[in-house]
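Visitor: Each residue of the sequence shown is one higher than the one before, counting from 430 in the numbering used here.
Be a bit skeptical, because a hint or two may be false.
Okay, the calculated beta carbon distance ranges per label pair [said to hold, decoys possible]:
| # | residue 1 | residue 2 | range |
| --- | --- | --- | --- |
| 1 | Leu605 | Thr471 | 45 to 55 Å |
| 2 | Leu517 | Thr571 | 20 to 30 Å |
| 3 | Leu598 | Phe537 | 34 to 44 Å |
| 4 | Pro573 | Asp541 | 14 to 24 Å |
| 5 | Ala492 | Leu605 | 29 to 39 Å |
| 6 | Gly520 | Asp567 | 12 to 22 Å |
| 7 | Leu605 | Asn556 | 39 to 49 Å |
The set of hints was computed from the structure by calculation and includes no laboratory data.
Remember, predicted model here, so these are calculated numbers, not experimental data.
Each residue gets a CB set at the ideal place from its N, CA and C atoms; glycine is no exception.
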Amino acid sequence: MSAEVETPLVEDPEWTPLFEVEDEAEELASMLGRQPVFDNLTNRELRRIERIVHRRRFSTGEAVIQAWVPRSGLFVVESGTVNVVRQLPSGENVTVGSLGEGELLGEFAILDDSPRSTSIVAAEPSNMIGFFRPDLMDLIETDPTLGFKVLHRVSQIMAGRLNEVIESLRKVRTALA
430 MSAEVETPLV
440 EDPEWTPLFE
450 VEDEAEELAS
460 MLGRQPVFDN
470 LTNRELRRIE
480 RIVHRRRFST
490 GEAVIQAWVP
500 RSGLFVVESG
510 TVNVVRQLPS
520 GENVTVGSLG
530 EGELLGEFAI
540 LDDSPRSTSI
550 VAAEPSNMIG
560 FFRPDLMDLI
570 ETDPTLGFKV
580 LHRVSQIMAG
590 RLNEVIESLR
600 KVRTALA
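Generate coordinates for the entire structure from the input sequences, incorporating the hints supplied.
Guide: Dropping the structure here:
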């Protein structure tokens, strides 16, 4: 009976990056599919979206979105934390909220390029995924069904948030009456 010698698995450096990219793409498609704006898409559609989204790392204190500057896209926090910052008339900046991993911000900008009233600032090193209006317009031209699905989902999210604001105002009005 001969003893089998176990040969250690040696990674070939020429091939390793290919597998890393594939794993990263799988991870990105999976993460995108968990986002409300893309949660109604098929795997094939998610693969198409992952080719047009943009990824960027923001340093602590770096502005993701600056107040009063027109924007044309939405962001998903891939990792890290960002603060929602409002500037008071006195010039003082006040943090009015925070967003973490998986949260969506700037979705109004995908439809409307009006300046935003708050800034979004990285509270720590943060990876963001951006999806921009020009990419959506190209998608609508090249794959109208997918473009419509994304646009419809963004509209549903915005309608839901508007309904939440209306309900909050209704409660405030009732409390003040």
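Visitor: For proline 573 and aspartate 541, compare the CB-CB distance with the range 14 to 24 Å and indicate the outcome.
Guide: For aspartate 541 against proline 573, whose Cβ atoms are near 21 Å apart, the range 14 to 24 Å holds.
Visitor: Confirm or reject the claim that glycine 520 and aspartate 567 have a C-beta distance inside 12 to 22 Å.
Guide: About 40 Å separates the Cβ atoms of glycine 520 and aspartate 567, which means 12 to 22 Å is violated.
Visitor: Per the hint of 20 to 30 Å, is the separation of the Cβ atoms of leucine 517 and threonine 571 within bounds?
Guide: The hint (20 to 30 Å, Cβ to Cβ) is violated, given that leucine 517 and threonine 571 are roughly 44 Å apart.
Visitor: Is 39 to 49 Å right for how far apart the beta carbons of leucine 605 and asparagine 556 are?
Guide: The hinted range 39 to 49 Å holds for leucine 605 and asparagine 556, with Cβ atoms some 42 Å apart.
Visitor: Just to be sure I understand the hint, the distance between the Cβ atoms of leucine 598 and phenylalanine 537 should be within 34 to 44 Å; is that true here?
Guide: violated (18 Å)
Visitor: Does the beta carbon distance between alanine 492 and leucine 605 stay inside 29 to 39 Å, or does it fall outside?
Guide: About 36 Å separates the Cβ atoms of alanine 492 and leucine 605, which means 29 to 39 Å holds.
Visitor: Look at the Cβ atoms of leucine 605 and threonine 471 and judge whether their distance stays inside 45 to 55 Å.
Guide: holds (47 Å)
Hints 2, 3 and 6 from the list above are not met by this structure, while the remaining hints are.
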